[in-house]
Amino acid sequence: MAEAPQIFVRTSDGKQFHSWASPTAETPIAKLLESLLDEYPLSQHGPIDLIDESSGKLIDPEVSAGTVANRILAVRTRYVSDALGQLDTLRVQEAPAVDYFHEPGSSTIALNLWYPGLVRIDSLGGSKLVVKGSHRAMLTLPKDFPEKPPHILWLSPIFHPNLSADNEVWPMRYNWSDAPSVLTLVTALIDTVVGLTIHLGRRFGVRCHQVQNSRASNWYRRNRKAVASLAKRTRYRLDGPLIGRPLESTNVHWNVKGALTGGDPTVFLSRRAVRGILEIGIRNSGWLIGKQGRRGHAPWIFVERIVPLPPHCNSEAPANAVGVLRGGQGQNETPPTNDQLRPLDVHLQDGEPVLRFGSSLNPLTGYLVEVEVVLPTNPTLQSDGVLRQPITVRGPYPVQARQLSQVHEPKTSPEGARSIVRLHTKELEPPVCMYCGNLCFMGEEWGACVECGFIMHGECLHQLEGCPNTDCPRTALDPRSSERLSETGQYPFKIEGW
Amino acid sequence: MEVSVSRHPIPYHLPIDSDGFKHIVADGSIAPKQLLVFLSHDVYDFIRNQAREYSPQEIGGVLLGQYCIDNDARFLIVPTAVACDLGSATPVSIQFPPEFWQRVEEVHASEFPGLLRIGPYHSHPGYGIHPSGTDRTTILNAFSKPHHISLIYDPHSDQIGFTCWDDGVLQTPSGCFIYEHKQPEDLVRQLMDARPE
Chain S
3 MAEAPQIFVR TSDGKQFHSW ASPTAETPIA KLLESLLDEY PLSQHGPIDL IDESSGKLID
63 PEVSAGTVAN RILAVRTRYV SDALGQLDTL RVQEAPAVDY FHEPGSSTIA LNLWYPGLVR
123 IDSLGGSKLV VKGSHRAMLT LPKDFPEKPP HILWLSPIFH PNLSADNEVW PMRYNWSDAP
183 SVLTLVTALI DTVVGLTIHL GRRFGVRCHQ VQNSRASNWY RRNRKAVASL AKRTRYRLDG
243 PLIGRPLEST NVHWNVKGAL TGGDPTVFLS RRAVRGILEI GIRNSGWLIG KQGRRGHAPW
303 IFVERIVPLP PHCNSEAPAN AVGVLRGGQG QNETPPTNDQ LRPLDVHLQD GEPVLRFGSS
363 LNPLTGYLVE VEVVLPTNPT LQSDGVLRQP ITVRGPYPVQ ARQLSQVHEP KTSPEGARSI
423 VRLHTKELEP PVCMYCGNLC FMGEEWGACV ECGFIMHGEC LHQLEGCPNT DCPRTALDPR
483 SSERLSETGQ YPFKIEGW
Chain G
2 MEVSVSRHPI PYHLPIDSDG FKHIVADGSI APKQLLVFLS HDVYDFIRNQ AREYSPQEIG
62 GVLLGQYCID NDARFLIVPT AVACDLGSAT PVSIQFPPEF WQRVEEVHAS EFPGLLRIGP
122 YHSHPGYGIH PSGTDRTTIL NAFSKPHHIS LIYDPHSDQI GFTCWDDGVL QTPSGCFIYE
182 HKQPEDLVRQ LMDARPE
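Taken in sequence, the protein lines are chains S and G.
Counting from 3, one number per residue, gives the positions in the first sequence under the working numbering.
Counting from 2, one number per residue, gives the positions in the second sequence under the working numbering.
Because the hints were derived from the structure by calculation, they are not lab data.
Being a predicted model, the structure only gives us computed values, none of them experimental.
Note that CB positions come from ideal geometry on N, CA and C, so glycine has one too.
There could be a bad hint or two in this list.
Claimed, not checked - Which residues of chain G face chain S? A partial, calculated answer using Cβ under 10 Å: (1) Lys23; (2) Val105; (3) Ser175.
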């Protein structure tokens, strides 16, 4: 049996050492990280990482203590784990449009973004601009992160003035020293992808280093309004339809935080909004995205999620913003637009949300929060057996796609029948959605545009509210496509099914 | 046997929108799209104290209140209750004898005319807020109208919940709102006057 190793860990300021006697050689380093939490509380330092001083490499928490015996480790605060925590926050708020993959022990993070962005497709018939909803990038955290910003490598094809495939990119108008946070950096990157913040350069001037594609720059200059319109519609959309006040119109359970006062505005916070306020509010400001209404003389507000606000963001308030979250350094600042259209003002005090409505200086005494309901074990007591969420998942996003891929993986064919099975599989090969790039599988709703024949999922169409083909009369870039869809409630697509 | 009469809800402001109500909290999670129950803080405290005092025996009684509607929200305001101190109770059962119903009738007619018998309340010392088989039979037989509820309190877990009917289906237990009112006597008078017998 291997001897239990002694491990030395240099403190984050580099002045002292901690010594840790691992119970066994097989004990994972995660145990050491746990024991360091007393010295580095999560609330103060965020998640911490351990670095091998000799190689500078990140230590995977799952490796055994024996593998790092006789090496000196160093504590790093606000490094990879902290960045991943911030991406988790963003993933929850933007679900399901943001996802990431991180190999333990690595300082690179693969980022997947599902937002509308343009891609040029060249074929024999000529080139065509298509709205694509799936993009990939790679974040690399430097050794001196967060003093130095991450490097962002854009991986997927894109037709954009400031982004290009296989090149290092940086979101427009984002200054790392103002907000050294992965959360706001990726938010700003999303704003750049969808075209909310773009830099077009001067029309006849010297080419600016930020303009990576001058052809795209010219196109965006001509179609700026259409791109901005699509960006606003999709970036800040509400996931679930809300017909009236959530207490009467949604299928979720509620609890009261604090105590309500009759006649006061009633505020409803979804679970992810609560999480967003707590996690984003300690660093950044943000938009409260939701819906508001009035019952008689009593106003109500529902907050579905939080969209972080990059610092010095001067973009106008989104249509679905019902208020602002004043977080981080901005707590004492005047909110960007606390007007009658966005009357809710939220900030954190002692780790708890404080809500103000309109011009009132007094905070609301209470608000309703969405409760996670555990299904009862007695099935007879359940009316329909369905746990409903206020937020509906849209689009064949990665998890669904993976599940579907597993379901549709061709089974091993019996001996002697291989060629027939292969032919059969080929004949039934599902078409690819032009928007998300995933296959349109059996049982899914998908169809072809009646104008141009582009194929896409029903859910993707619902998200995009138009055809991804920019040359099509029903293009998503034309707001009238969206209006037609919302007026008729019907797809301008011939739904095929499989 | 209790004779139940189907009632129409009377138009009234939902307490969370009404100025007279203050300090509205919730005990348990409020289930969606079903009857909302606003229990007076006095009734709530009374039931909890009674249940704790007599634990491990069950306790019970009848809730009196008003069945209201505000736009599409149906709700009950329960400002008072009549406790059952007659009959027999064990740790797993309680019986409401005919004398108790007689007393409820008297109190209802003399002190709270215009209010409705909303339904029974009783305690489940240590076995949760879900109605038992006996409870379900009782509710089905005597309290099966849209304005009827059955309120259960478990003093061990300090949980309260009510079950009600929706389209003939007994719903899963939901939590209640607990309210205080600036002028409780006026509220009771308003609720009684809202439904002249």
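Tested hints:
1. Lys23: 5 Å, holds
2. Val105: With Cβ-Cβ at 28 Å, over 10 Å, it is violated.
3. Ser175: Cβ of Ser175/G sits 8 Å from chain S, so the hint holds.
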